[in-house]
Amino acid sequence: MQATSPARPRPASNFELYSWFFMRISAIVLFVLAVFHLVYMHLVIGLDAITFEVIAERWQSAGWRLFDLFLLVFGWIHGANGMRVVLDDYIHPQGWKVFVKSILYVVTFVLIVLGAYIIFTFRM
Amino acid sequence: MMAAITNLFRAVTYRGQEGQIAWMLHRIAGVGVFVFLAGHIFDIFLMAFGPDVFDALLFFYHQFFFKLLIIFGLYLGVLYHALNGIRIVIIDFWPGMAKYQARLWRIQLGIFVLAYIPSATIMLSRMFDGS
Ligand code: HEM
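Chains as they are written, first to last, in my numbering: chain Y, 1 to 124; chain P, 1 to 131.
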């Protein structure tokens with residue numbers, strides 16, 4: 001007998017297990033990338049100093065493009081997968097669930113494509 | 001609708017301890033940041049249309065109200081969600097730590113205050129000296 005419930009209940013399926021694992025791996029990645037991104041853009045550069053020019057210059061470096069690509073993919077997929085769980089919790093009718101999640105997946109596809117497009121193709 | 005009201009009532013009156021508050025704030029912050037990020041990916045995509053279009057959009061980011069929203073919404077939310085997320089990861093990957101979750105939560109809040117107050121103060125003061 002355990003006095004408290006286990007910290008980790010058994011996952012419902014293989015997919016949920018991978019999803020659970022992905023959320024935690026992306027959490028560690030995002031902790032470094034997203035916090036650095038916020039502190040750098042808002043404290044070091046400052047919101048008022050950010051212009052087209054500044055970002056164009058930043059994307060002269062392949063390293064920054066890679067950094068932004070990682071932020072895009074990990075940030076959005078982590079958020080979207082989190083939203084999937086939240087929607088599962090609050091939307092019960094099957095039809096609505098499918099409908100709202102379909103919107104989530106379409107928006108996810110569109111945003112990843114738009115974001116990756118500009119990161120890869122931007123030229124001054 | 002009725003069910004939503006009942007649920008809200010239950011959520012507010014449920015006597016969970018730190019864990020429940022931690023989880024509720026984590027969820028609210030996660031959803032909030034998600035909504036912001038949708039707009040943010042799109043606005044960065046507008047880099048494709050050149051400086052005139054992109055800099056016109058920045059007018060939005062430079063609004064007084066929007067800056068307040070960033071400091072007291074986005075920045076606060078990300079910082080909380082990030083620290084709480086790390087606490088979740090520690091407890092999940094290292095189940096022995098579950099025993100200390102209440103202490104971890106207080107440590108987490110301490111780190112949050114130490115990190116947020118000075119950096120938010122710098123951001124706020126910049127808003128007023130116009131740099
Ligand atoms: C900054 C670093 C971040 C860390 C360390 C982090 C950590 C986590 C962790 C560990 C979870 C899983 C919670 C669970 O399974 O119970 C989670 C959930 C979630 N995260 Fe993040 N996250 C971060 C950034 C973000 C960002 C940028 C977004 C928005 C795009 C986001 C949105 C969400 C959402 C919507 C959930 C689901 C919340 C829920 O089920 O209650 N997170 N986060």
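FYI, nobody ran anything at the bench for these hints, they're computed from the structure.
A hint or two may mislead.
To be verified - Chain P stretches covered by chain Y per the calculated footprint, using a threshold of three residues with CB under 8 Å from any CB of chain Y:
| id | segment |
| --- | --- |
| 1 | 20 to 28 |
| 2 | 82 to 91 |
| 3 | 104 to 111 |
| 4 | 114 to 123 |
Unchecked claim - Calculated cross-link-like contacts (lysine to aspartate or glutamate; reagent style DMTMM-like; alpha-carbon spacing at most 25 Å):
| id | chain 1 | residue 1 | chain 2 | residue 2 |
| --- | --- | --- | --- | --- |
| 5 | P | K67 | Y | E53 |
| 6 | Y | K101 | Y | D88 |
| 7 | P | K67 | Y | D88 |
As the structure is a computational prediction, the values presented were derived from the model and not from experiment.
C-beta atoms are modelled at their ideal positions from N, C-alpha and C, and glycine is treated no differently.
> Are there hints from earlier that the structure breaks, and if so, what are their numbers?
Replying inline: Numbers 1, 3, 7, in rising order.
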